[in-house]
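Asks: Chains as they are written, first to last, in my numbering: chain A, 1 to 387; chain B, 1 to 167; chain C, 1 to 157.
Take the hints with a grain of salt, since some may be wrong.
Unchecked claim - Simulated crosslink set (EDC-like; lysine to aspartate or glutamate; CA at most 16 Å straight-line):
1. A:304 - A:355
2. B:22 - C:25
3. B:29 - C:25
4. A:140 - B:162
5. B:165 - B:132
6. C:14 - B:48
7. A:232 - A:375
8. B:31 - C:18
9. C:14 - B:47
10. B:31 - C:94
11. A:257 - A:244
12. C:80 - C:133
Stated by the list, open to error - Covered stretches of chain B, going by a simulated chain C footprint (3 or more residues, C-beta under 8 Å):
13. 12–24
14. 37–48
Because the hints were derived from the structure by calculation, they are not lab data.
Backbone N, C-alpha and C define an ideal beta-carbon position, used for all residues, glycine too.
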Amino acid sequence: MGMRKVAVVGAGMTKFMRRAQETGRELAYQATKMALDSCEMTLDDIDSVALGTAPDAFDGVHMKGEYLSDGAGAWNKPYMRCYVGGGTGVFAAIQGWYQVASGLFDTCLVVCEEKMSSCKPHPQGAFLTIFDHTTERALKPNLIWIFALEMNRYMTVHGLEKKDIARVAVKNKRNALDHPCAQVAADITVEDVLNSEVLAWPVQRLDVSPTSDGAASMVLAAEHVAKRITDKPVWIKGVGWSLDTAYWTNRDLYYPKYVESAARMAYDMAGIKEPRKEIHVVEPYDPFDYKELHHLEGLLLCEKGEAPRLTADGVTARDGDMPVCPSGGLLGVGNPIAASGIMKLNEIFWQLRGEAGKRQVPGQPRTGLAQSWGDLMQVGCVVVLGI
Amino acid sequence: MSAKIESFPGTPLSQADLDAGKVLTTYWKPKLEYGWDAGVAISRYLEELKNGRIIGIKCSRCRRVVVPPRVVCEWCWEPMNDWVYLQDTGTVNTYSICYIRWDASRAKEPQFPAVIWIDGASNAGFLHLLDEVDPDDVKIGMKVQAVWKPAEERAGSITDIEYFKPL
Amino acid sequence: MSLIERLGTFGDAKVWYDNIPLESEYTVGIAGERFLRAIKDRGVILGTVCPACDLTYVPPSMYCERCFTQLDEWVELPAKGTVYTFTIVTRSLDGQALDEPEILAFVKLPGAHGGLVHRLTTAKPEDVEIGMEVEVVFKPQKEREGSILDIKGFKPT
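The shape of chain A in the complex, shown without the other chains:
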């Protein structure tokens, strides 16, 4: 298709925090500065900036893209802001990718930020308007409803129990103990999850990721530039994204077909025929524990309904055959919406370069995948990275 090879050459992120003292633009600056420093580049070396950030209502700044631009390193540069709800992080990386793949630019910064703590009385309120204003908001819904409804459908269709799902929360929160940015890392048991407060059955307190402040950034470069910058470029092998309809009550929520569409697009581009064999480390989107399972199935990394068994058998453990969320995921590291997608890509970047420290998965992985999900249970975004 005449596309150029694009590499990830640098990565940075802030801690993920319930509440940061930094303003949103200061968070964006800290993550972006760290990403540039990590590959010894300066702003002069950067041609363009792609920013991702979720609803303006979180930060309470109703031109968030423009507000964050200088902290994202976009002063006097071609700049864009993109948004697909929770899917924004990986989506932003795709926006940056095609700016470089197309030949338009040689280098691009991808920056994602969220400062959810500004939103009162609770950040959850910012999600109120994802429901249809006339036919759904009149029922006074809250965000947890859609997760609870989707989770119940998934569990019922496959005959799953809560303990089958709770293992994901246990694994990810434990993995996060080794992540220096983690907000809610913990050594808990399946019983702890099952005994935690019921929010909206089947969703319980420990099934859910927290609300967070944080930012994460990455540096993308075209092949000829990447090879000058580093001897360990990590290539973007494939990208894919897809949106299903916002008429979510007209779909069967037990399976995310749109994630499958996005994955198939990315696998085709990456030349991946057997994803389960060819992908060595996975960071699927896990804002709730069942979502990790749901997404492993949508990503064609196992059969429908099979992901809980893989988890129970330890296949998805950090030292398992197919490590899933070795970072600790959103459940452990935290969930500043858009930034959490870049956190996942950064994790794959570090894993493939053998730089993940205590989180390093064994066996020198050569190919990894990060995925994000969002809007009204309707968007899947996938990036396959490889060395």
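Put chains B and C on the given structure of chain A with help from the hints.
Replies: Just chains B and C now, kept in the frame of chain A:
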């Protein structure tokens, strides 16, 4: 690089830090009031709810009947004009037992939000609430029927259906 | 058939009224904290300096937007400046006539790359002009709370 990085940036604050005035904050209380146009399809839908009926719409190309109604089929992009009255019964496609409100505070009594696939529509339905049901008895696949407000109290709103109850 | 023609009568078009019940509590940030504390505690205006780009940021920034250096050099600026541009506001946010017009000005501080947007106090609308020299009027110290409103405004010198 991650392995070599000693510390990551960011200054976490606790609620106690804020309460103690350790850092400065500013507060904004906007007045965000809206009048959303219901549009062509939903205006008719609301009018029919006021009449005590659920109306859907059929795609002449896909042959499917959807609810809530819309002016164009998102699958084939065909304009939709063929209105179809549906029954006020349906099947629970999925449900939850919810103990928290929109602002994350705790509710005293649980609510039962559910997606109900409406009889007469093609695997389509809408979000509503269940009631007159015991938490132990509610099931996916359960048949339910709308409980309407009295005609004189109906206002042309999805809440003209008070809830759905088991059949 | 256009969408509007498909409605039987204009009255068939319904409008759904609701609100978005959200409020915001902002931290003022790392640079903002030091800036507002200096106003509150000492009645002085601080900026940050980027030596490489020869810029002084007011309000202060923790980084230089041009070269991305973290800025650690803080300077105290004179609490006065020049009206760079201004406007006279006669209506409130919801469109009501104000009893007294408000004069809003962007004031450049000497030596700074930027400046402050604030009210001009004790000036008559007809006397305001671009280039006018003004100085900061602080609230009395005991009334200051660590807000940009600890500055009452600027007055002509």
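Asks: Does each hint hold? Answer for all of them.
Replies: Going down the list of hints, with the structure as the test:
{"no.": "1", "hint": "A:304 - A:355", "in the structure": "violated, 33 Å"}
{"no.": "2", "hint": "B:22 - C:25", "in the structure": "holds, 15 Å"}
{"no.": "3", "hint": "B:29 - C:25", "in the structure": "holds, 9 Å"}
{"no.": "4", "hint": "A:140 - B:162", "in the structure": "holds, 13 Å"}
{"no.": "5", "hint": "B:165 - B:132", "in the structure": "holds, 6 Å"}
{"no.": "6", "hint": "C:14 - B:48", "in the structure": "holds, 12 Å"}
{"no.": "7", "hint": "A:232 - A:375", "in the structure": "violated, 35 Å"}
{"no.": "8", "hint": "B:31 - C:18", "in the structure": "holds, 11 Å"}
{"no.": "9", "hint": "C:14 - B:47", "in the structure": "holds, 9 Å"}
{"no.": "10", "hint": "B:31 - C:94", "in the structure": "holds, 11 Å"}
{"no.": "11", "hint": "A:257 - A:244", "in the structure": "holds, 8 Å"}
{"no.": "12", "hint": "C:80 - C:133", "in the structure": "holds, 8 Å"}
{"no.": "13", "hint": "12–24", "in the structure": "holds (count 3)"}
{"no.": "14", "hint": "37–48", "in the structure": "holds (count 9)"}
Going through the hint list in order, the structure does not satisfy hints 1, 7.
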